[in-house]
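Here are the chains, one letter per residue:
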Amino acid sequence: MEQRLGLEASIAIAEVVCRCDVDIVAAYPITPQTHVVEHLSELVADGELDAAFVPVESEHSAMSVCCGTAAVGARTFTSTAAQGLALMHEILFIASALRLPIVMAVANRSLSGPISIWNDHSDVMTERDVGWVQIFAENAQEAADLTIWSFRLAEDRRVSLPVMVNFDGFILTHTIEPMLMPDKEMVQAFLPPWEPLLKLDVDEPISMGPVGIPDIYTETKQVQQHLLTQAYGPIVETLNEFAQHFKRTYKPIETYRSDDAEVLLCTMGALSETAMEVVDRRRKQGQKVGLVRIRLWRPFPFEDLYRAVGNVPVLGVMDRAISFGGPVGPVASEIKAAFYHREQRPKIVEFIAGLGGRDVPLSDFGRMFDSLYTTGETGKIPAPTIIGLRE
Amino acid sequence: MATQSAKPKWTELAVGTAITVPGSARQNRTGDWRSSRPIWNHEECIRCGVCVIFCPEGCIHFDQDQPGYPSADLEYCKGCGICAHECPTACITTQEEEE
Ligand code: SF4
Ligand code: SF4
Numbered sequence: 002m003e004q005r006l007g008l009e010a011s012i013a014i015a016e017v018v019c020r021c022d023v024d025i026v027a028a029y030p031i032t033p034q035t036h037v038v039e040h041l042s043e044l045v046a047d048g049e050l051d052a053a054f055v056p057v058e059s060e061h062s063a064m065s066v067c068c069g070t071a072a073v074g075a076r077t078f079t080s081t082a083a084q085g086l087a088l089m090h091e092i093l094f095i096a097s098a099l100r101l102p103i104v105m106a107v108a109n110r111s112l113s114g115p116i117s118i119w120n121d122h123s124d125v126m127t128e129r130d131v132g133w134v135q136i137f138a139e140n141a142q143e144a145a146d147l148t149i150w151s152f153r154l155a156e157d158r159r160v161s162l163p164v165m166v167n168f169d170g171f172i173l174t175h176t177i178e179p180m181l182m183p184d185k186e187m188v189q190a191f192l193p194p195w196e197p198l199l200k201l202d203v204d205e206p207i208s209m210g211p212v213g214i215p216d217i218y219t220e221t222k223q224v225q226q227h228l229l230t231q232a233y234g235p236i237v238e239t240l241n242e243f244a245q246h247f248k249r250t251y252k253p254i255e256t257y258r259s260d261d262a263e264v265l266l267c268t269m270g271a272l273s274e275t276a277m278e279v280v281d282r283r284r285k286q287g288q289k290v291g292l293v294r295i296r297l298w299r300p301f302p303f304e305d306l307y308r309a310v311g312n313v314p315v316l317g318v319m320d321r322a323i324s325f326g327g328p329v330g331p332v333a334s335e336i337k338a339a340f341y342h343r344e345q346r347p348k349i350v351e352f353i354a355g356l357g358g359r360d361v362p363l364s365d366f367g368r369m370f371d372s373l374y375t376t377g378e379t380g381k382i383p384a385p386t387i388i389g390l391r392e
Numbered sequence: 020m021a022t023q024s025a026k027p028k029w030t031e032l033a034v035g036t037a038i039t040v041p042g043s044a045r046q047n048r049t050g051d052w053r054s055s056r057p058i059w060n061h062e063e064c065i066r067c068g069v070c071v072i073f074c075p076e077g078c079i080h081f082d083q084d085q086p087g088y089p090s091a092d093l094e095y096c097k098g099c100g101i102c103a104h105e106c107p108t109a110c111i112t113t114q115e116e117e118e
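Protein chains in written order, with the numbering used here: chain P, 2 to 392; chain E, 20 to 118.
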């Protein structure tokens, strides 16, 4: 059964984590993730969630505790943002290498400096290569749903990898939205108890995390590359099972009015919803614009991207972070690379928008679509543009 | 590291590269990067055991036969030369390993 409620994405995530019956939450509060862990500690203190809540002294410790608890077979959840995610950095690699199915909600926030508590994707883009499954939510419902799904995928014995659910700071974490909250029976019917591939057990001793000498390290990296790439199959399969069970469908790449589009814009995260509004308005004015929304960031769904983009001549990519001194937009650079070897490829226009919580109003999306049309008409691809930059 | 063979294929590695067989570190012969080895002159050796104590690898043992002189287990000796440095009679010399 599901109940229609008005909840912040943060509270919605904490509530579903409770329904997933986790054994342990180890987290350090950091804006804008705070409400997630606050609410989880309340649920534990009130006896609604039978779990250990470990109030660690840093995010480095949070992720270290998570590795330890997942290693003994405990269902483990944590949440962080920005500097907190950065402080976890080195342990994130270890969680994936040891195949520990930790689930972490990342309330995306810009990295300091200057100090910023507001939203962009610089935190997660910095953690692109840590070997985790990484997925993006656009609203509270999706944040909650994808958290439930993440446990199912992470614990799938073909996968056994950690999963990061990204949901935009403030835009989602602190906004109350209507959503359907499934009850515990419904969640647990979708999420069976976890049977670890391997766990620390005094009766059957093993060592996890030994040295990988040069003779072995290369092979271990191939294992990780293979596992994360091959996780695509189980991802699609479990998302389909989620859709059957909860009647809400999620795909690695989502589109919006893209079928007959003259230009497409690629977005990620909560701002996709603003972009959809602009698409509707432009369509009313007769402009055939559409969206490609990346939901699954790792493993990158190449084939889904090719299908979604089709033969459209111009594709804009909106990044929420900058790769300094590099190819500018991290998402755009990956999409360009994805199309490089293809005969049929669109002209790709890069936009950077919404850095450090800067609003991206409807008019900014309008500007992006205008630029895509100009590129289509002139054939000239402009340099990457920072939308709303004062010059 | 996997325990099946010293150089497994990537498809043969244990889950998470865990060590699933206790005590399997014994299978690792760690002396193979040694660039020199200790040589004992038994005529000078007083069998005091100082080299045994100082060897950081714990790889020097007194031979079982009589009267029992020390020697290094070359599967673990790293050729550090500490034994030679500490020997009170300077009866240990180090010899470079050939390529
Ligand atoms: S320290 Fe020198 S003298 Fe003493 S036992 Fe070792 S080799 Fe012999
Ligand atoms: S050279 Fe070093 S490792 Fe080898 S026997 Fe002497 S002290 Fe031990």
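Bear in mind the hints are in silico, worked out from the structure with no lab data behind them. Hints may be right or wrong, so weigh each one.
[Said to hold, decoys possible] Once the Cα atoms are required to be at most 20 angstroms apart in a straight line, the calculated EDC-like pairs of lysine to aspartate or glutamate come out as:
| id | chain 1 | residue 1 | chain 2 | residue 2 |
| --- | --- | --- | --- | --- |
| 1 | E | Lys26 | P | Asp216 |
| 2 | E | Lys26 | P | Glu220 |
| 3 | P | Lys185 | P | Asp24 |
| 4 | P | Lys285 | P | Glu304 |
| 5 | P | Lys222 | E | Asp51 |
| 6 | P | Lys185 | P | Asp305 |
| 7 | E | Lys97 | E | Asp51 |
| 8 | P | Lys200 | P | Glu49 |
| 9 | P | Lys252 | P | Asp157 |
| 10 | P | Lys348 | P | Asp216 |
| 11 | P | Lys200 | P | Asp261 |
| 12 | P | Lys348 | P | Asp281 |
| 13 | P | Lys200 | E | Glu31 |
| 14 | E | Lys28 | P | Glu238 |
| 15 | P | Lys252 | P | Asp305 |
| 16 | E | Lys97 | E | Asp84 |
| 17 | P | Lys285 | P | Asp261 |
| 18 | P | Lys289 | P | Glu335 |
| 19 | E | Lys28 | P | Asp24 |
| 20 | E | Lys97 | P | Asp216 |
| 21 | P | Lys252 | P | Glu274 |
[Said to hold, decoys possible] Not everything, but these chain P residues come out facing chain E in the computed CB check (under 10 angstroms):
| id | residue |
| --- | --- |
| 22 | Thr35 |
| 23 | Ala98 |
| 24 | Leu101 |
| 25 | Glu196 |
| 26 | Leu198 |
| 27 | Glu205 |
| 28 | Ile217 |
| 29 | Val224 |
[As the list claims (entries may be wrong)] Beta-carbon label-pair distances, calculated as ranges:
| id | chain 1 | residue 1 | chain 2 | residue 2 | range |
| --- | --- | --- | --- | --- | --- |
| 30 | E | Thr39 | P | His227 | 18 to 28 angstroms |
| 31 | P | His175 | E | Thr39 | 20 to 30 angstroms |
| 32 | E | Ser55 | P | Lys222 | 28 to 38 angstroms |
| 33 | P | Tyr307 | E | Glu117 | 56 to 66 angstroms |
| 34 | E | Ala44 | P | Gln245 | 28 to 38 angstroms |
| 35 | P | Glu242 | E | Asp51 | 26 to 36 angstroms |
| 36 | E | Pro75 | P | Glu242 | 50 to 60 angstroms |
| 37 | E | Asp51 | P | Gly210 | 22 to 32 angstroms |
| 38 | E | Phe73 | P | Gly210 | 43 to 53 angstroms |
| 39 | P | Gly7 | E | Thr39 | 41 to 51 angstroms |
Everything numeric in this text was worked out from a predicted model, so none of it was measured. Idealized CB from N, CA, C, for every residue including glycine.
Cross-check of the supplied hints:
A threshold of 20 angstroms between alpha carbons decides the hint, and for lysine 26 (chain E) with aspartate 216 (chain P) the separation of about 7 angstroms falls inside it, so the pair holds. At most 20 angstroms may separate the alpha-carbon atoms for a hinted pair to count; lysine 26 (chain E) and glutamate 220 (chain P) meet this at roughly 10 angstroms. Among the hinted pairs, lysine 185 (chain P) with aspartate 24 (chain P) is consistent with the structure: their alpha-carbon atoms are about 15 angstroms apart, no more than 20 angstroms. Under the criterion of a C-alpha separation no larger than 20 angstroms, the hint pairing lysine 285 (chain P) with glutamate 304 (chain P) is inconsistent with the structure, at around 31 angstroms.
This hinted pair does not check out: lysine 222 (chain P) and aspartate 51 (chain E) have alpha carbons roughly 25 angstroms apart, beyond 20 angstroms. Restraint check: the Cα-Cα separation between lysine 185 (chain P) and aspartate 305 (chain P) comes to about 33 angstroms, which exceeds 20 angstroms; the hinted pair is violated. Between the alpha carbons of lysine 97 (chain E) and aspartate 51 (chain E) the distance comes to roughly 8 angstroms, so the proposed pair stays at or under 20 angstroms and holds. For the hint linking lysine 200 (chain P) to glutamate 49 (chain P), the alpha-carbon distance of about 27 angstroms lies beyond 20 angstroms, and the restraint is violated.
Restraint check: the Cα-Cα separation between lysine 252 (chain P) and aspartate 157 (chain P) comes to about 18 angstroms, which is no more than 20 angstroms; the hinted pair holds. Pair hint lysine 348 (chain P) plus aspartate 216 (chain P) does not hold up; C-alpha atoms about 44 angstroms apart against a cutoff of 20 angstroms. A C-alpha spacing of about 51 angstroms is found between lysine 200 (chain P) and aspartate 261 (chain P), which places the hinted pair above 20 angstroms, so the restraint is violated. A distance of roughly 23 angstroms separates the Cα atoms of lysine 348 (chain P) and aspartate 281 (chain P); the hinted pair therefore is violated under the 20 angstroms criterion.
Annotation: proposed proximity of lysine 200 (chain P) to glutamate 31 (chain E) holds, straight-line Cα distance about 19 angstroms (limit 20 angstroms). About 29 angstroms separates the Cα atoms of lysine 28 (chain E) and glutamate 238 (chain P), which puts this hinted pair outside 20 angstroms; it is violated. With a C-alpha separation of about 9 angstroms, the suggested pairing of lysine 252 (chain P) with aspartate 305 (chain P) holds against the 20 angstroms cut-off. In summary, the hint linking lysine 97 (chain E) to aspartate 84 (chain E) is not supported, as the alpha carbons are separated by about 25 angstroms, beyond the 20 angstroms threshold.
The straight-line distance between the Cα atoms of lysine 285 (chain P) and aspartate 261 (chain P) is roughly 14 angstroms, inside the 20 angstroms bound, and the hint therefore holds. Proximity of lysine 289 (chain P) to glutamate 335 (chain P) is assessed by CA-CA distance (about 25 angstroms); at most 20 angstroms being required, the pair is judged violated. For the hint pairing lysine 28 (chain E) with aspartate 24 (chain P), the CA-to-CA distance comes to about 36 angstroms; that exceeds 20 angstroms, so the pair is violated. For the hint pairing lysine 97 (chain E) with aspartate 216 (chain P), the CA-to-CA distance comes to about 19 angstroms; that is within 20 angstroms, so the pair holds.
Using a Cα cut-off of 20 angstroms, the hinted pair lysine 252 (chain P) and glutamate 274 (chain P) holds, with the two alpha carbons roughly 16 angstroms apart. At a threshold of 10 angstroms, the smallest CB-CB gap from threonine 35 (chain P) to chain E is about 32 angstroms, leaving the interface hint violated. Below 10 angstroms, beta-carbon pairs count as interface contacts, and alanine 98 (chain P) has one with chain E at about 7 angstroms; its hint therefore holds. About 8 angstroms separates the beta-carbon of leucine 101 (chain P) from the nearest beta-carbon of chain E, less than 10 angstroms, and the hint is met.
Given hint, glutamate 196 (chain P) at the interface with chain E, is violated; its Cβ is 13 angstroms from that chain's nearest Cβ, farther than 10 angstroms. Hint status for leucine 198 (chain P): holds, given a least beta-carbon distance of 5 angstroms to chain E, under 10 angstroms. For the restraint placing glutamate 205 (chain P) at the interface with chain E, the shortest Cβ-Cβ distance is roughly 9 angstroms, inside the 10 angstroms limit, so the hint holds. Because the beta carbon of isoleucine 217 (chain P) sits about 5 angstroms from the nearest beta carbon in chain E, less than 10 angstroms, this interface hint is met.
Restraint check, valine 224 (chain P) versus chain E: the minimum CB separation of about 5 angstroms is within 10 angstroms; hint holds. A hinted range of 18 to 28 angstroms holds for the C-beta pair threonine 39 (chain E) and histidine 227 (chain P), which are about 20 angstroms apart. Checked against the hint of 20 to 30 angstroms, the C-beta distance between histidine 175 (chain P) and threonine 39 (chain E) comes to roughly 46 angstroms, which is inconsistent with it. Separation of serine 55 (chain E) from lysine 222 (chain P) is about 34 angstroms and conforms to the stated range, judged on CB atoms against 28 to 38 angstroms.
Judged by the Cβ atoms, the range 56 to 66 angstroms given for tyrosine 307 (chain P) and glutamate 117 (chain E) holds: they are separated by roughly 58 angstroms. At roughly 48 angstroms, the beta-carbon separation of alanine 44 (chain E) and glutamine 245 (chain P) lies outside the given 28 to 38 angstroms, and the hint is violated. Between glutamate 242 (chain P) and aspartate 51 (chain E), the C-beta spacing of about 50 angstroms breaks the proposed range 26 to 36 angstroms. Checking the proposed 50 to 60 angstroms range against proline 75 (chain E) and glutamate 242 (chain P) shows it holds: the Cβ atoms sit about 56 angstroms from each other.
Against the hinted window of 22 to 32 angstroms, the Cβ-Cβ separation of aspartate 51 (chain E) and glycine 210 (chain P) comes to about 24 angstroms, which satisfies the hint. One distance hint, 43 to 53 angstroms for the beta-carbon pair phenylalanine 73 (chain E) and glycine 210 (chain P), is violated here, with the actual separation near 31 angstroms. In this structure the supplied range 41 to 51 angstroms holds for glycine 7 (chain P) paired with threonine 39 (chain E), their Cβ-Cβ distance being about 50 angstroms.
Of the hints listed earlier, those the structure fails to meet are numbers 4, 5, 6, 8, 10, 11, 12, 14, 16, 18, 19, 22, 25, 31, 34, 35 and 38, in rising order.
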